[in-house]
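Asks: When we follow our numbering, the leftmost residue of the sequence shown carries the number 8, and every step to the right adds one.
None of these hints come from the bench; they were simulated from the model.
Heads up, a few of these hints could be off.
Simulated restraints on C-beta separations [said to hold, decoys possible]:
| no. | residue 1 | residue 2 | range |
| --- | --- | --- | --- |
| 1 | 74 | 240 | 38 to 48 Å |
| 2 | 118 | 198 | 34 to 44 Å |
| 3 | 212 | 52 | 17 to 27 Å |
| 4 | 125 | 291 | 30 to 40 Å |
| 5 | 16 | 112 | 34 to 44 Å |
Below 16 Å or equal to it, Euclidean Cα-Cα: the simulated EDC-like pairs (lysine to aspartate or glutamate) are [stated by the list, open to error]:
| no. | residue 1 | residue 2 |
| --- | --- | --- |
| 6 | 273 | 262 |
| 7 | 52 | 25 |
| 8 | 134 | 160 |
| 9 | 121 | 67 |
| 10 | 121 | 282 |
Owing to the predicted nature of the structure, the values given are computational and were not obtained by experimental measurement.
Heads up, the beta-carbon is just placed ideally off N, CA and C, and yes, glycines get one too.
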Amino acid sequence: MNENWQPQVLAINDWLADATRQLVFAQIASARLDAELILAHTLRKNRSYLHAHPEEQLTERTIEIANARLSLRIERVPVAYIIGHKEFYGHQFSVTTATLIPRPESEALIELLKQVIPRNSSLLHEKPLRLIDVGTGSGNLGITAKLLYPELDVTLSDISRHALKIAEKNAKDLQVEVSILHSNLLADYPFAADIIIANLPYVDGEWERSPETEHEPASALFAAHGGKALIYELLFQTKVTLVNGGSLILEADPEQHPAIISQAKKYGLLVSGQEGYGILLEKIAK
Numbered sequence: 008m009n010e011n012w013q014p015q016v017l018a019i020n021d022w023l024a025d026a027t028r029q030l031v032f033a034q035i036a037s038a039r040l041d042a043e044l045i046l047a048h049t050l051r052k053n054r055s056y057l058h059a060h061p062e063e064q065l066t067e068r069t070i071e072i073a074n075a076r077l078s079l080r081i082e083r084v085p086v087a088y089i090i091g092h093k094e095f096y097g098h099q100f101s102v103t104t105a106t107l108i109p110r111p112e113s114e115a116l117i118e119l120l121k122q123v124i125p126r127n128s129s130l131l132h133e134k135p136l137r138l139i140d141v142g143t144g145s146g147n148l149g150i151t152a153k154l155l156y157p158e159l160d161v162t163l164s165d166i167s168r169h170a171l172k173i174a175e176k177n178a179k180d181l182q183v184e185v186s187i188l189h190s191n192l193l194a195d196y197p198f199a200a201d202i203i204i205a206n207l208p209y210v211d212g213e214w215e216r217s218p219e220t221e222h223e224p225a226s227a228l229f230a231a232h233g234g235k236a237l238i239y240e241l242l243f244q245t246k247v248t249l250v251n252g253g254s255l256i257l258e259a260d261p262e263q264h265p266a267i268i269s270q271a272k273k274y275g276l277l278v279s280g281q282e283g284y285g286i287l288l289e290k291i292a293k
């Protein structure tokens, strides 16, 4: 060993400053936040610990691990995949590259769900309302619904068995009882649903998008027919699977909403609410 060798010594604030500079150079807008999330995860602390102990010396091993994770972020790997979780509606959900990363835009679907449940609250005491989260991914929508309304009978469904394993883990971690179903949309759901909630792939492959999406599963992002193919297929399936008076809550780009609402009318689904990326449709009795 070189007798002049000295271990690398950095304090928390030194590492954060250097990491932030590198992320800014990589044109990552959330540079400081990402640096803090990476280091906090490496230290197994929360971000407030970093702010309270800026002069604390980092071990050489900690620096090595944090630098490796920083390199992934510079390559535009999403922070959620690096640290293994993402917050949604106040709860932490585990994520892997098998699942789409929960996004703040999807919280609009939960707000629309809140519009549906009060109108049916009396029914909750007669029989559980059946809710299915189609294309559940990490399970964030269906599990959040169950946390808010424990009386619901919730099923998490996905065509990806890998995603379902993550959804099942999240349900267990957050201590909710849900059913897990491997299904292509509603094809294998054996019941009539009172509520369907779905964040299906709706990105058109021609759209401009952030480099981070290159690391997310393409099957969870992209759909044919301008991004609307799977949504249209789901609309068709509601003819059989959604009860009269039932609700369908969808996520889509706001520019897609008019076409989706028009298509929904063919199946007796009328729009009763919109919020951000979310659309609330209700099935009218014929």
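Asks: Identify every previously stated hint that the structure contradicts and give their numbers, smallest first.
Replies: Numbers 2, 3, 4, 6, 7 and 9 - these are the hints that the structure violates, sorted from lowest upward.
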